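Start from chain Z and add chain S according to the hints.
Residue numbers (UniProt numbering), protein chains in the order written: chain Z, 1 to 265; chain S, 1 to 374.
Careful: at least some of the hints might be erroneous.
A few chain Z residues facing chain S, derived, Cβ under 10 Å [what the hints assert, rightly or not]:
id	residue
1	D65
2	Y186
3	N188
4	D212
Here are the simulated DSBU-like pairs of lysine-lysine, each with C-alpha atoms no more than 30 Å apart in a straight line [as the list claims (entries may be wrong)]:
id	chain 1	residue 1	chain 2	residue 2
5	Z	K2	S	K46
6	S	K43	Z	K194
7	Z	K198	S	K4
8	Z	K194	S	K98
9	Z	K235	S	K171
10	S	K189	S	K171
11	S	K293	S	K261
12	S	K46	Z	K194
Taking CB as the label site, the calculated pair distances span [what the hints assert, rightly or not]:
id	chain 1	residue 1	chain 2	residue 2	range
13	Z	V234	S	A366	37 to 43 Å
14	S	Q102	Z	V149	46 to 52 Å
15	S	N181	Z	Q183	55 to 61 Å
16	S	H300	Z	N159	53 to 59 Å
17	S	M28	Z	P230	54 to 60 Å
18	S	E29	Z	V234	28 to 34 Å
19	Z	N151	S	D299	20 to 26 Å
20	Z	E166	S	K43	29 to 35 Å
21	Z	E166	S	D264	33 to 39 Å
22	Z	F196	S	D299	28 to 34 Å
23	Z	E12	S	A278	22 to 28 Å
24	S	D251	Z	T125	31 to 37 Å
25	S	H300	Z	N151	57 to 63 Å
26	S	D338	Z	N159	27 to 33 Å
Hints are computed from structural coordinates only; laboratory data are not their basis.
The structure displayed is predicted, hence computed values, not measured ones.
The C-beta atom is built at its ideal place from N, Cα and C for all residues, glycine as well.
Here is how the chains run, residue by residue.
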Amino acid sequence: MKIVVCIKQVPETTNVKIDEKTKNIDRRGLGGVINSYDLHALKTALEIKQAVGGEVITLTMGPDDFAVSLRETLALGADSSVLLSDRAFAGADTLATGYVLGKAIKKIADVDLVILGQQSVDADTGQVGPIMAELLQVPQVTYANEVTVKNDHLVIKRNLDNVAQEITAQLPLLLTVTDTINQPEYTNVVEIAKSFAKTITTWHASDLQLDDDRVGQAGSPTIVRSISSPEKTVKVGHKLADNPVDAAKELVTALKKQNILAEDD
Amino acid sequence: MDQKQTSKEILLRMVKSFTENEVAPFDMEIDHTRSYVNDLLNKIKKYDFLSTMLPEEYGGAGFDGETTAAVINEIAKGNASLGVTLEGHFKSIDQIVKYGNQALKDEYLPQAKSRIIAFSMTEPSGGSNPLGITSHAEKKGDKWIINGDKIMITNGGLAEIYCVMVKTAPKELSFFVVDNNMEGFEYGKQENFLGLTGVPVGEIVMNNIEVDENHLLGKVGMGKEIGDSAHNDARVLMGAVLTGIMEHELDIVTDYATHRKAMDTPIIQMQGIQRKVADIAVAKETTKLLYQKATWLKDHGQDYEEEAAMAKAYGSRSAVKSGDDALQILGGYGYSLDYPVEHLIRDARAMEIAEGTVEKMRTAIALIEARNRA
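In isolation and in its complexed conformation, chain Z is listed as follows (with noise of 0.2 Å):
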C-alpha cells in the first residue's frame, strides 16, 4: 500500500505570539517540532505498512528548513520525504496549502492512501485534510480513533460528541486521526544516523503545474482581519449547604436552572 503522511512543522513553545502585522503565528525565534497530531498519522500509517506492506512517504510544505521535521519522518520508520517549498507558497491558507498539498500527492502518483492529524495545534482549523480530498475527488473519513485494513478496505472507527461510528471505506481514501488512535513512539537515537542513507525531495512551485492563482496569498481567500488570546476569567465556585438534604436540593435547583436536568425531573 502506498501511504502519503502530511505533517506540519509547528512553533516548538506553547507560548505562541501573534505579529500584530500579519497577523499571523511570529516563528521568529521559535524552535520547531512536528504537528503531535501528525506524530498520530505517521504511526499510523507505519502500522498499516507493517500489517500489509508497501511505503510511507512523508510530506510537507514549508521553507528549506523544515526538512528537518521530514527528516525526522524518516528517522520515525518513513521511507521517504518531499519538501514542498517556494517563495510562491509563502502565506497561504488552508485552501492554498490543501491544493498545492494535493497537487504533489497527483505527482507523487498511485497512492492509496493519505493520512493526516485532525488539526494543527498551531492554527487549530482541521481543514486541510478535507481540502484536500475534495481536490482529489477521494473519499474522506476525519477524526478516526481505529483503522484496521480488512483485505482491500479499510475498517474505520471514529467518536464523536453523540455517536460511534465504524466505517468501511475503500481505497484510495484520506484519512484524518485523532491523538486517541496510538501512542507515537520517540525517535531512535541510532536511527537518526541511518535516516540520512534516505531521501528528501525537493519541489518547487514549477514542479507541480500549478495555477497561480492558487497558490501562496493570491490564492487564500481567508483573510485574518485581527487575532487576540481570550481573556483569562476565573470562575467563582458555590459552596452547597453543609446538610447533605439541602446539599441536594440545592443542587438540583441549580441543575435545573442551567437546564442540564429538566424541570419534570
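Frame of chain Z; chain S shown alone:
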C-alpha cells in the same frame, strides 16, 4: 543545515520530549524510591540512549562530545541521577574507544548498546591516591588472573561490564575489562548515599577472574593515564549534569516567585529575590559555557583537562549554592521533603566529591595555570 546540525536538532527535540514526559514527572519518585521507576532503564535501552556517542561502526549513533553533553544536560534537568548513569556509561565507552585493542572493541563496544559499562578505580584503601589500591592482576601463561575489591562504583550493580584499575606490579597500574558473567565475579555492598539516589553505587569483588590478554585496556602500566582520561571525560559530562540541575532550580524558583505574593506583590518583583534568581541564572550559564568549551576542545582534538575541571568544580559549588538560594526563596516549601529543591542540593553535593573533589580540581587548575606560564 548540515547533517551534523540536523541530527543534533532531531535528537534534542526527542530528548526534550522524552525528558518532559518520561523522566521529569518521576523525579521525586526516583529520589524517594532510590530506583529508576517508570521502567526508565528499559526505555533508555529501547530508544538507544546508551548508543548516543558509541561510534557508528559498532552500531552506535556516533554523536560528538558536544551533542552527547547536551543530551545529558537535558535529561539531568528532569532527573540528575539518570544524567549521571549515562555519564558513567559514556565515559567508560570513551576509554574503550581510546585505549582498547581491536579485539576488545569488537567484543564489547557492540554490547554497549544494551549493557551498561562502568569504570572503577576506588577501593577501601584508595580513591584519589591510586597507588594505594590493592587489587592486582598476575600473568599466568597467556592469561591474567585478577583479584581485588572495588567500591563506590557509579552504576555498580547495574552495570554488567567493568573497566577496573589494578596493580600489575607494586608501582604499576593497569586497566582490565571484566564482565559480570565471568567466573569469580561477584557483586558486593550497595552504598546508601545522600543524593543522586537513583544511581546505584556499589561494590564488585573479583576472585581469580581469568581474562585473555586482549582484556587489557591500553598497555601494562597505562593505568594512571587511562584513569586521568576517564576523569576528564566524566568531569565534562558532570558539568552538563550540573547545568541541568541549575536549570531545574531556575524553573522552580521563577515559577514560585512569579506566583507567590507578599503584600499583594509577586515576590519576583523584590530585589532580595531577584538577586538570588539572577545569581542562579549566571551560575547556570557559566557552567554551561564551561562544559561546552570543554566539549568543543575535546571534539577538536585539543587538551580539555582544565576546562573539564573548571566545569565540575565551579558547577558543583554553584549548583549547591544555587540550591540553597532556591530553598531560601521557597521558604518552608524549599525545606520540605515533599518538594524537589532539597534533593537537588543533595544531588549537586555528590559532584563536589565524585570524579575528584573540588579541592583536587582547584589543585589541577592552579598547576595547569602555573605550567602554562612557566
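Outcome of range test on Cβ distance (H300 of chain S, N151 of chain Z; 57 to 63 Å)
59 Å, holds
If you draw a straight line from the CA of K235 of chain Z to the CA of K171 of chain S, is it 30 Å or shorter?
Violated, at roughly 76 Å.
Tell me if D65 of chain Z is really an interface residue toward chain S, meaning its C-beta lies closer than 10 Å to one of theirs.
6 Å, holds
Answer holds if the nearest beta-carbon of chain S is closer than 10 Å to that of D212 of chain Z; otherwise answer violated.
30 Å, violated
For the hint 33 to 39 Å, verify it against the beta carbon of E166 of chain Z and that of D264 of chain S.
57 Å Cβ-Cβ, so the 33 to 39 Å window is violated.
Consistency of beta-carbon spacing, K43 of chain S to E166 of chain Z, with hint 29 to 35 Å:
Taking Cβ atoms as reference, E166 of chain Z and K43 of chain S lie about 34 Å apart, which means the hint holds.
Using the C-beta atoms of H300 of chain S and N159 of chain Z, is the stated range 53 to 59 Å upheld?
Given about 56 Å between the Cβ atoms, the range holds.
Given a hinted range of 22 to 28 Å, is it respected by the beta-carbon distance of E12 of chain Z and A278 of chain S?
At roughly 26 Å between Cβ atoms, A278 of chain S and E12 of chain Z fall inside 22 to 28 Å, so the hint holds.
Quick check: does the Cβ-Cβ distance between N151 of chain Z and D299 of chain S fall within 20 to 26 Å?
54 Å, violated
Satisfaction of the hinted span 28 to 34 Å by the C-beta atoms belonging to F196 of chain Z and D299 of chain S:
19 Å, violated
Please work out if K194 of chain Z and K98 of chain S have their alpha carbons no farther apart than 30 Å.
24 Å, holds
Does the CB of N188 of chain Z sit less than 10 Å away from some CB of chain S?
5 Å, holds
Of the numbered hints listed earlier, those contradicted by the structure are 4, 9, 11, 13, 15, 17, 19, 21, 22 and 26.
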